[in-house]
Each structure stands twice: as structure tokens, then as C-alpha cells.
Amino acid sequence: MLIISRTPAAMVKELAICTRGLTKQFDRYIAVNDVDLEIQVGEVYGLIGPNGAGKTTLIRMLATAEEPTTGEIYINGDRLLRDKSNPKLKRCLGYLPDDYPLYEDLTVWDYLDYFARLYRLREPRRTQRLHEVLELIQLGNKRHSQISTLSRGMKQRLSLARTIIHEPILLLLDEPVSGLDPIARMHFREIIKALQEAGMTVIISSHVLSDLAELCTSVGIMELGFLVESTSLQQLYQRLAHQQIMLSTLGNLETLLSELKHHPLVEEWEVIPGKNSVRVNFSGKEEDSAELLRSLIQARIPLTDFHCIQEDLESIFLKLGHKQAS
Amino acid sequence: MMPNLIDKIGDWNPQLLRELKGRLKFFNVAIAVATSLLLQLVVFLYQFREFPNDQYPLFLSYCHLRQVYELQQKEVYQESNQSKIADLRSFLSKNFCPQNEIDWQLWWRDHWEYIFLTFSVIFVFTLLVAGTYLLINDLAKEETRGTLNFIRLSPQSETSILTGKLLGVPSLIYLVVLVAVPLHLWAGLSAKIAFSYILSYYSILAASCIFFYSAALLFGLVSRWFSGFQPWLGSGSVFLFLFTTMVLASSYNRHGLNNSTAWFRLFNPWDTTNYLFPNLFHISNGSPLKNYQFFYLPLGINVVSVVSFHLLNLGLCSHGIWQALKRCFRNPQASIINKKQSYLLVAFCQLMMWGFALQFGKDDYRWDEQVGQNYILLALYNLVLILSLIAVLSPHRQDVQDWARYRHQEVSSHKSVWQDLIWAEKSPALVAIAINLTIATIPWLVWLSLTFVIDANGVKTLLSNDIDRFKALLVIALSISLMMIYATIAQLILLLKTPKRSFWAIGTLGAAIFLPPMILEFIGISSWKYPTVWMFTTFPWVAIEHAGLITIFMALLADLSVLALLNFQLTRQVRLAGESATKALLARR
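Protein sequences appear in the order of chains B and Y. So for the first sequence, numbering that gives the first Met the number 0 puts the first residue at 0; every next one is plus one. So for the second sequence, numbering that gives the first Met the number 0 puts the first residue at 0; every next one is plus one.
Keep in mind that the hints were calculated from the coordinates and are not lab data. Please note that a few of the clues may not be correct.
Which residues of chain B face chain Y? A partial, calculated answer using Cβ under 8 Å [as the list claims (entries may be wrong)]:
no., residue
1, Gln24
2, Asp26
3, Ala62
4, Thr63
5, Arg81
6, Lys89
7, Tyr102
8, Tyr118
9, Arg119
10, Arg121
11, Pro123
12, Tyr236
Among chain Y residues calculated to face chain B with C-beta under 8 Å, some are [said to hold, decoys possible]:
no., residue
13, Asn3
14, Asp6
15, Asp10
16, Leu16
17, Arg17
18, Lys20
19, Gly21
20, Thr146
21, Gln155
22, Asn330
23, Pro331
24, Ile335
25, Arg396
26, Gln397
27, Asp401
Across the chosen pairs, the derived CB separations fall in these ranges [to be verified]:
no., chain 1, residue 1, chain 2, residue 2, range
28, B, Asp180, Y, Gly145, 22 to 28 Å
29, B, Asn140, Y, Phe25, 21 to 27 Å
30, B, Val40, Y, Ser307, 56 to 62 Å
31, Y, Asn330, B, Arg142, 43 to 49 Å
32, B, Pro123, Y, Ala205, 35 to 41 Å
33, Y, Phe347, B, Glu122, 40 to 46 Å
34, Y, Ala433, B, Pro123, 29 to 35 Å
35, Y, Leu350, B, Glu122, 28 to 34 Å
36, Y, Ala510, B, His143, 58 to 64 Å
37, Y, Gly506, B, Tyr28, 24 to 30 Å
38, Y, Gly235, B, Glu122, 43 to 49 Å
39, B, Tyr28, Y, Ala433, 30 to 36 Å
40, B, Asn140, Y, Arg48, 55 to 61 Å
Glycine included, C-beta positions come from ideal geometry on N, C-alpha and C.
Okay, chain Y solo, but in the shape it has when bound:
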């Protein structure tokens, strides 16, 4: 029976069998099972300390007589009779709840609920933190040893190999959790929690595992330069994310999920788990998920919509990560995503961020106000997104050289240069970045053309003032031209011959983005006093309110001139990179 099953697993997924064979050895399995059982015992006994014994106080929650004494206490306090108060206190401290007056049913229900919730939290941390560590560590090891190349050369698909890794590498962690599942399930049912809710929790947990593990695999594949440090970095980041979001989810904040940040919170399992089991964090006003919306769709209205949307979000993002995983696994030198995927990614991010930006609040109904509250966040997220895309999409010297030198020889490419710049793998990424910026700008343009803007004093007004609208348009153009300048600088540095060009690119862009505003702040040149200077920094929108139309226009012209110059230089460099060895020799280069 057992050899047959192993054989079937091996035929279905050889990678899974290999991982299981390497890990499920007697000693490892024994330790995993013992750890799990010990943990269950500790959790069970910890709460058992509170087991009501014959000295259980009369005024505590599980004593039936509590209500009687509470009523008495209330009356005595109302009378303000000190001697009676003292008598009552002395009575309560000397007498205990009789065993037959203890609400055992309630005690056990609460006890089981406590066990259930404790394990719900432990499962999340164990699976996500330890699992990501093991996966990143395993991939990093295989990549360092060079064994991954043999697997790449086999006829197995990327999906099969990576699924095998995903299911096999954390197998001992799965074992620890699986051994604890019966107690968890039993505790949940004993605590009168609906089975469908428990299943919903498991589905959220499974989807989170798939998402975080896929991300871990991708991180393991693309982060070769960290050498031995990447498992700690990866799992440490996951732990930090889970911890921070747990703290956020356990404290009620009316606006916590009422802005575009809500999307990032959706990646943690806590909010939805707390929605399913409100006693997890005991938030007095209930889960903030109850009021959250997506493009005004009331998603928090019931469990089905909350869980479905959470699963849909994790599913879509995991699917996206798998597209990148397949590329990186097949060709480790390839960029994480291609240009076409970047367009889809930016469009998807806009959809999600704007979806959560547009929610009805309790007292604000105007959608221009919601955008007004969110515009800094939206701009900031888009800045990070586009900068990440510059890093991911900009090809290095070798790729640009190959593209420029041999493009004309490719049989399949009878495309124009523009088609190549928009879609091709190794072409410079500037046009693609411009397209991505356009995609990110479309929602802003729709908003600008349809509705209101914020005036100089931050007061929300109707868009009666066309100058404001024009100013906003100019600032968007200014931001786009600035991002294009950054992209061109990055591409120029990546074309250098120096071996550490990635670090140079990151350093230069970091300095170009953060140094000017920091210096200006440091020497006290504020955006409201000297808006002209701020127009040339990364954050021109902080000065938009105080700058005149002409100033903004001049700043835009200056930016465009710099961009044109840089692009002229880039075109020259690409042409030089693409010339043949003979041509270079004749030109004595």
C-alpha cells in the first residue's frame, strides 16, 4: 500500500517525492510529531490553570451567583454605606463559589475557544514564517550548488517542479500543523463555532500559504546576490509584516480600511480571521471589515463576500507571481516580468488601489473628497511601483548590446523598432515605462476631468477654477517627466561597463530622489515659501498649491529639455553598444 502510494506520488510529481524522501526520515518525523504534541499539551494546560477549583471567587464570570452579588454590590454602593461595603467585601473574599453553581458548560466553551484561537494564530505564524524560511533556504542552496540546472534541463514543466518544492520542502511544518489540526477542529466545534467558518479560516490559511510561499520561491530565485542571508531576510520580512498587521488588526481604527492601504492589509490573514471569529482580538466596535468597500461595493456585508474577495485577491496575486516564477525558473538571467506583464501589473494595481480609495465613509459622501484624502498615498504607491518597475524592466548592458547588435538577424523579428521597444525582452525599457506611467495616469485624468480638485487652502471646492485643474494636469506631466528622467538615468548607468552597475544605479537614483527634498528641508527652504525650487524635486505636488502656473510650466519645460538630452545620449550609447566588432575596430574604440 505504502510503496504504491509513494510510487504514485513520484510519478505524479518526482520533485515532491525527492523532497519528501530527503525530509521525512524517522528522526525528523518523530521530532515534528513530538513538538506538535508538546505544543498542544502546553496550550491546553496553560488555560487549564484557570480551571475553577473549590476556591473560585463568587464574583467571577463562571459563577452563577455572580449576578446576585453584583446586584447586591450595586445597591450597597448606591447607599454609600461604608460598613456594608466592607462587610460585603469581606464576605466575597472569604466565601467561594460552590462547585454546583459554576457554569461548567460556559467555562469549557470558552476554554475550547481559547485553544481554537490560539492555534489559529500559531498556525499562521508557523506556516508562513517557518515555511518561507525553508523554501528560500532550499532554493538558495540548490542555486549555490548548481543542482537546480539539472532539474531545469529535465523535461518537467516549471509548474511541476515548483509545485513539488512548494508541497515538499515545508513538509515537516505541514506535519506539525496537521498533527494539531484534529485538536484545533475539535476545539472549534466544541466552542460552537460554525464548521463553515472554520473551513473558511482553513481556506484563507491555505491561500495565504500559496501566496507567501510563491513569493518566497520567487525571492529565492531572484536574490542570488544576498548569498546566505536571504532566508533570514525573507522570513524576517514575513514575520514583521504579520506582526505589524496583527497589531493593526487588533486595534480598531475607523479609517484603517477606508483608504487605498486596505489593499495591502488584505494580504494578511488577521482581518478576515477576526471577522470570522470576533473574539480573536475583542475589538469593541466589531471588525473594521464590516464597513469596507471596493468601488462602493459593500464587501464587508457578509462572510461570503469577505472570504471570497480575500481569496480572489490572494489568488490573482499568486497567479501573477507564478507567471514571474515560471520565467525566472526557466531563464535565471531573464527579468522578473516582461513588458506586457508590467502593463497588466500596473493596470491591476491601479484597479485595486483606486477601488479601495473610493469608499463611502460615515460622514463623507463625495468621491472627490475620498480621492483628496488618498491622493498622497496613491501618488506614493505609484512612485514606489514605477521605481520598482524601472529596476525590474531596465535591461543590463549585455542585453541591450545583444538587442542592438543582433536584432536585425532574428528571423522572428520583422517588427519595427517601436514594436520592439514596447514588447521585446531585451530592448531598453523607456517606452515601456512611459506606457506604464500612462496607465497609472489614466485614473487621475478621469478624476480631473470629471470632478473637483483641492484648492490652495486644502478646502474642498467645486471645480469652478480651471486654473487649478490645469495646474494639476501640469503637475501630473511634471511627475511623468521626472520619472522618465529617472528611468533614463537608470538605463544609462546600467549601460556602463562597471561590474557593480546595479548598485550605482540604485545609489544614483536614491540620491536623485531623496537628497534634494531632504537638503531643502534641512536648510529650511519650505515648499510654501519657495515653490519654484520644489518644482524640480521628486515631490513637486507638495508645492503645487503655492506655485504659479508659469513656474510650473517653466519647470516642466526644463524637465523635458533634460529628458531630451539624456535620451539623446542614451540613443547614442545604444547605437555604440550595437555596432559590430569590425566597426568598433575601424573607429578605434
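Isolated chain B (complex conformation):
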């Protein structure tokens, strides 16, 4: 009763995913601990955390591949139950696990056609959708090839195609870029962006934080099974990312440093070794940085570079100190 009162239908309805008290326990070890996750429709949500933090278990439970020990999952406001067939809800979900087994004896086209049929796509929409998906993952020219002949990156993309063939509204991707080369990763990012534009809600767990920073609108940080942080990327940067300014001079670095030391909004500085440059942690706003530039020029310092940079997601994550594996 208590749990129902925490999830009023109106609130749940607006969310693509809502979990209440979601817990998974393996013996005495709690892999996912009382997680209340809320993800808005259309978001790309990045799940970060050290190995063993419970990301995969959480995603598996959302995909109905794992049964929660306790707690509830709502997809678009409807309760997701594992022991029932849930055909309507299952059509909303697309799940790509970190290993992606395929049927090596089938061709690319037959494989996708099989899954399209499993998800009850009828002609002529089915053929149309197959062409769309093959174009998106750039495997159109390989459609009559045996799956066993594809490269790892191609297999990865084919798995993604299988995941989206039925046009799910919620994509669950567990470590989708692990083991891929930079070009394959770039392809993958482009596909995810295209899917987001098509209106899909996406959850990605990944250790490649630069990818997540580029793709995500929100992030959640997991540690020891708890969801310790769940916020939009913008808020996270606002709250935790320091503005940094990179400065280079033709003159003496000491002069520049002595000017910087006297500025009240300069918090820390770091001399870049080998270059006549310094990186400064700056607590002011954009107008304040313009003021700093003006004051340095007035002090006749021969600046060759002055540009603002933002601290990246990886630094923020490391700074938060969530390093402990379960």
C-alpha cells in the first residue's frame, strides 16, 4: 500500500521509466539497492559507475531479463511484470546486452526479418522497416552476407539493429561500445543521436565517459548498488564543473602568474609543463572572464591564447570520489 502511494499514476505517466524501491539481492550481496529511478520521455540517460556497481543488473531488470527481488518498475506508467508475457510493454522495449550473441547460420536480412516477425511487424511495413534499419546501421550492402562473415563492429551494429527493429520507445544499452575501435564508436554515436531525434528514450551504461558526455542529456551514478546521483548533465556541470581558462604568453610566465594570483576569482592554477601556458580554475561568470582578459592586456602581458574550457565528465566523476567497486 505504501509503495502505491509513492507512485501516483499522474506522476508516473509522464515518465518513460519509473522504478520504486527496486532491489536485487544475490545472497547477502545487494547488487541494486532500493533504487528510485525516474527518466523523462525522450532523454538519453547515461549510467556511470565502477565495475560491480549494479548498472548491468539494473538494466537487466528494466529489460525483464532479471527478476527484481523486490520493488516495482513502470514503463510509461504501466507496471512491468516478468512472469507475465506483457506483449504490449515488450514491444516498447529494446535491450542490447554487453555480449551480443547472434545466429551465425542466418544472413543479415533473415536475422532481422526473424526478429521483425517475432515483434509482429507485418508486410509491407516489415520490409520497409528492414531497409530503414539497414540504412541506419550502414549494413545495406551486407544484407545477404552470412552473419559469421561480419566484423565485430558490424555484428555490434547488427545487434543494435535487432534491438530497434520494432521501433521501441525505450532503448536499454549495456556497454554498447566496449571493444569497438574509434571509427566504430563514432558510427555508433551517430546512430544513437539519430535514434534520439526519432524520439526514443535511451539508457546507456558505459565506461567511455567522453561518449556519454556527447550523447547524454542526463546521467545517473551508481555505487555499491545505490543510485547516488541522478540529474541532468547541464545541472551536473553547473553544480560540479569548474570553469577553466587556458592562457599562454610570449613573455615571462612569472609575470602572468603574479597578475593571476592577485585576481580574486582565480582559485587555482596549474602550469602546463613544457609550454609557456597555465590552466586556471576560475569561479566567475563569462563577464568576469572578459574582465580578467581586459586586466591582463592592460598589464601589458603578451597573451597568445586565452580560452575558456569546461571540466569534462571524467574529471567530475573522479572528483566525486565514487571509485569504490562493490
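For this one, chain B is given, so just place chain Y on it according to the hints.
Frame of chain B; chain Y shown alone:
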């Protein structure tokens, strides 16, 4: 036309289309068809060796003149005239049956019948053995690769996926058989076998396929720990079962189907096939199915009742297996059946075993005697059944922990602990085992209260002696308490933290069940000399005749005390498993 049909199949059952696409490739199909045609040729030609040529002996069955010479031979032998006998022998060996005196019609009829019966046997072995192998192998492969999970996540129902597997995976075997069906049908009709009988055979074959294939799918789903060995184990067991039952069915035994074992024989297609085509095994006294009954219902009276009952039995059992299949497919971690299904299973088994135990023999009419002949078998089957249920129903540590820890949080469970213990998925199985034991005991209690028991010397007497009746009751109670002790031990071991707890449970129970009687037998402590000791073994009923009432009563009390102690320990363990992490931390566990 063809693409349209493929599309329709795919829309109806995508899994079937996937299996067919993976298998029905040109090379595979060509090999299957060639194998089938070659087999047909070999079977046809093998019998053709016997084709009567111009040197066909006069005294063989297809020669019209045989009767004349047989009569002559008889007369000569009666006269005991050695020279005439020698003359006749020399005549018969030098002269052959003229071609126009050969009964061609009969020869061809027999020839076709031989082909028909040969293929009837080949179909059974090919379909059931090769089919189960392919199905188990396919499921094991999918489970190892992890591809089955994607199918599970699709919105297709379990029935649709598994039906697709069942129809698609053995498709090449079906092809081999289908190519041979026209010859089989032609041979049957040419042998003057009624079309309805041939159809009955096909229906029995189809029902057997559904039953064995469903069982194979279930075995494939639940036997992950065998890794690559399970297809061989599964199909090997089916082959052994078919072979053994074929040997049994081909030898006439008056009591072969006159006891509760008859139920297990009903799973093989041989008895019914032999009933339909008596020339299959040439049993001199006819098929034993002619006399078999079910709760005194004469089922063997005609073909319709024999075939219907066979189909009904296979149908009901296949339905039961499918309930388990759906559960295991949806949730591979779930037990094969739930508690409610176990009650139905035990009740169904009692119905079938008692149904076949109660049959009229030719010279025994008293139903207490039939129970008397069957009681060891009934007890043994029930022992195996309950032990299997202990293995299937007893939840492992994780499940008990989840149940004990989070039971109170489940919104849907406003049930009492007792309701949970009787029906819930993850609760300890002891109460469920007790209920199953009660269900298995009810027929015994009915029998005890209505009729006779066997006295100490094995002589059947009227139940004038209430002490005998009381002793029998006590032994039933003793057996129940022993089974409950085994169930508690199994549950306690399954709660251990050791990773190989299933093996420990099987090993401990195996030792507890079989070691004491074996040791007692080995050191020569017989049940009639020292019945007291035997009272504490798995088979107390062997000592019932020789033990006094007090002894049995004391044994029961001792068993109940052990059971109470074990259950006290189990309750403690479950409570410990269910405590929160904080509580465990504060208690420094």
C-alpha cells in the same frame, strides 16, 4: 505461391520459419530425401530376396501343393516306413513348386505387410530418438550461446516459440519420414490393413512425438548443468525406453499389464501398435492389452477404447509437461512446477497407478488381493515420486532468503504464512511435501478402512484383526514422517552457503535412503530377525510383519522427535536468512 506460403508460415509462427530457414537448405534436403529413398529401397529389396523363383520348395507356405504333400508326409510318418520317408524326402528336395501353383496374392500381401510393419518400427525409432536428440541439442546450444534470452524478451507467447521449435527443429527427420509415408500407406492398404487402423497408428505416433518432444524440450531447458552431454543422455534414455518396452511388448506375459506398471508401459507405442497389427510381434496368445482394465473398466475390449485411452494418457501428460515448459521458458530460475501443480500431479499419479492396480485377473477377483500384489510397487513409485518432488519443489538459499526477507513488502501478499507455505513460489516446500504425502496416502487409508490386509505369513485374510490394521496405519505414519525428515534435511542442505548444495543434498539423501538398508543387509541383520532396527530405515514396511505394535509406535515417536528437532533448526535458519543486513551487522554475523 512459395514465397507467399513462407510469408504466411512466418506470420503465423516466426520461430518455425527461422528453424526451417536454418535447416531446409538444398544440400540438407537432398540428403534427407536420398536417405529416405535408399532406406525404402533397402527394406523393399531385403524382403524381395524371398521372392519365389523356379526353385521354390514344394513344402513352403506359398505353394498351393504344400497341403497335398503335408498330408502325404503325415501318412508316411504314421506308417513309419523308413524307405517311403526317404523317398518322399528325396522327392521334395529334388522337385520344386511350379510357378502357376505359387500363391502370388498371399506372397505379395505378406510382403507388403512386412514392409508396412518394418516402417512402423523404423518411424517410431527415427522420430522419437533422432527428434529428441535434435531438440535437446538445439535448446542446449541456444541456452549456451545466450540467444534464447532475446526470444524470451520478444512479445511472442511461450506456446508459439516452443511450438515453432517442436515443428521446426526436427524438420529434416519429418522430411525423411514423410517421403516414406506414401510407401508405408500403400504397403498397409495392399496388405489389406484397414485404413482406420493405419490412421490410428499415425495418431498414436503423432501423440508419442508430441509427448516425447515436449519432454525433450523440458529436459533441454532444465538440464543446463550437463553442458554438452544432455542430447546424448536424453535421446539415449528414449532409445533405451523404446528398446526395453519393445522387448517387453513382444513377449507375452499374462501379468505384464495387470499391475500399476501398466501405466508406464502406456507411454510406449508398441503395445497399442501390436494391438492394431497383431503380426508385429506374433504373440501367440494375442496382445496383453486385450485383458487390461482401468478401475475394472475393460479398456482392451475394442480398438476405439485402446487407442482413445492411449491418446488421452499421452495428451494429459503432454499438457502437464507444457505447463512446466511455459514456466521454465519464461523464468529459467523458477522451479519446474509450482506447489499447486505438484498437488495435481500427485493426485493424477495416484489415479493412474491405482487405476491399473485395480484390475480383475483371470482367477483373482478380490480387490484387496490386487492391492496386496501391488503394494510394494505402489509404495516404491510413490517413494520415487515424492523424492522427485522434494528435489523439484525445495527452494534454494536465494529464494528462501528473498521470501523470508521481502515477503512482508509484497503488495499482493496479504496472506498468512500458512497460505504462503502452501501456495507461494519461493517459500520452503515442507508443507507442500506434507500435503503431497497426504494426497498419496488417501487411497491407502481408503483401502485400509474398507477392506483386508495381509497377515504375517503373507496369507490373505479378512480384516478380523484390528491390530494388523493399526500396524499398517502406523507404518504409513512412519513412512510419512521419514519422508518429511528427508524433505527437511534436503531443505536444510539447500540453505547452506556452499555452491554445490544440490549435489550435497542429493548425496546426503541418497546415503540416508540407501545406506542403512544396504549395510543391514550386508552385515546380515534381516528384517524378520531384527525388525526394530529396520523400523528406522527407508523401508520400514518390510519389517512390519515381524515387529510388535509397541516397537512400531516407539519408532514413530523417535522419527517425530527427529523431525521436530530438524524443523526447529530449519525455522531458525530461515529466520536468519530473512533478517536485514543491519540486523545481521548489529548481531555481528
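Run through the hints listed earlier and report the numbers of any the structure violates, in increasing order. Checked against the structure, the hints that fail are numbers 11, 12, 13, 23, 24, 31, 34, 35, while the rest are satisfied.
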